[in-house]
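Chemist: Sequence:
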Amino acid sequence: MTSPRVRVLTITPTTGPQDDATRELVGRLRDSTVPGATAGTGARVHVGGASAQSIDSATDLARRIPYLITGVIVLSMLLLLLAFRSIAIPLKAAAMNLLSVAASYGVVALVLQGGWAGQLIGIDTPTPLPPFVTVLMFAVLCLSMDYEVFLLSRVREPWLRHGDNAKAVTEGLAGTGRVITAAAAIMIAVFLAFVPSTEIILKLIGVGMASAILLDATVVRLVLVPATMHLLGRRTWWIPRRLDRRMPELHVEGRPDHAGTDVSQSDTPAVTPR
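Mapping to the working numbering: the sequence shown position 67 is 67, numbers consecutive.
Hints in this document: simulated from the structure, not taken from any laboratory.
Some hints here could point you the wrong way.
Label-pair restraints from in silico Cβ distances [unchecked claim]:
| no. | residue 1 | residue 2 | range |
| --- | --- | --- | --- |
| 1 | T228 | G49 | 48 to 54 Å |
| 2 | L91 | A50 | 43 to 49 Å |
| 3 | A50 | R245 | 41 to 47 Å |
| 4 | T170 | T125 | 45 to 51 Å |
| 5 | M247 | Q119 | 22 to 28 Å |
| 6 | V6 | I201 | 33 to 39 Å |
| 7 | T125 | E24 | 17 to 23 Å |
| 8 | A109 | T170 | 34 to 40 Å |
| 9 | A166 | R245 | 56 to 62 Å |
| 10 | A189 | M247 | 36 to 42 Å |
| 11 | T170 | A117 | 35 to 41 Å |
| 12 | L202 | G27 | 26 to 32 Å |
Note that the structure is predicted; figures quoted are calculated from it, not measured.
Beta carbons are placed, not taken as given, at the ideal position from N, Cα and C, and that holds for glycine.
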């Protein structure tokens, strides 16, 4: 497209749109080559095209991901605070869920290096990470939160009955361990079915999600979470009395019936059976 006032210059990179060399080329054109060539001419120059658009989209997405993560984590913590009436539980849940997500990103990064891990699924050379895969894999946080709520709801029931944190954690874990493991096994099998695909994106989603669920349902949910609750003891369920009185009641599985039970408030800081 040309006119007396508009000119289009086509530059074809020798590398792919996702290659680091292409990103560097676009950056040099925008930061040094074009400004140097048009200095003092009054010309307005824009670097566009499919490669530049892909790079701009990836950059914009990377800039917004921290806001996405922060928003989801904060909202999850608020809901857990209302549901379980505890300060420690939302903080612990956020840390454990981020651990699962970080572990899945680590596995994907290892695969993308093209070494022995990548060769296992057919990625032989270093490969850039498509930006939207990062957002899709963040969905594993929803699965992690599902397991967290299921486990904690089973732990809180005996805690409200007898006020023994160690016993409540043991009973809750015994009642949910098989279910969490079975549900995780089904999800892992589903995502591993993506790995034989010839599409690298599907391979990455399959490996990332499967590894995240495996680590979350075993190391995190069945080991780290109960261990942390044992270490915290009664502090797991602590909440300031003033905050407890002001918060609305939110029951995960309907209003529980604790008739005939008594959890002493003198032994249990700011815990009121509801």
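Chemist: For each hint, tell me whether it holds in the structure or not.
Modeler: Now for the hints, and whether the structure bears them out:
1. Checking the proposed 48 to 54 Å range against T228 and G49 shows it holds: the Cβ atoms sit about 51 Å from each other.
2. At roughly 44 Å, the beta-carbon separation of L91 and A50 lies within the given 43 to 49 Å, and the hint holds.
3. Hint check: A50 to R245, Cβ distance near 59 Å, so the stated range 41 to 47 Å is violated.
4. Range check, T170 to T125: Cβ separation about 49 Å, and the 45 to 51 Å hint holds.
5. Restraint check, M247 to Q119: a C-beta distance of roughly 53 Å breaks the suggested window 22 to 28 Å.
6. At about 37 Å, the CB distance of V6 to I201 agrees with the hint of 33 to 39 Å.
7. With their beta carbons about 18 Å apart, T125 and E24 fall inside the hinted range of 17 to 23 Å.
8. The hint said 34 to 40 Å for the Cβ distance between A109 and T170, and at roughly 37 Å that hint holds.
9. In this structure, A166 and R245 break the distance hint of 56 to 62 Å, their C-beta atoms being roughly 28 Å apart.
10. Take A189 and M247: their Cβ atoms lie about 40 Å apart, and the range 36 to 42 Å holds.
11. For the pair T170 and A117, the supplied restraint of 35 to 41 Å holds, since their beta-carbon distance comes to about 37 Å.
12. With their beta carbons about 30 Å apart, L202 and G27 fall inside the hinted range of 26 to 32 Å.
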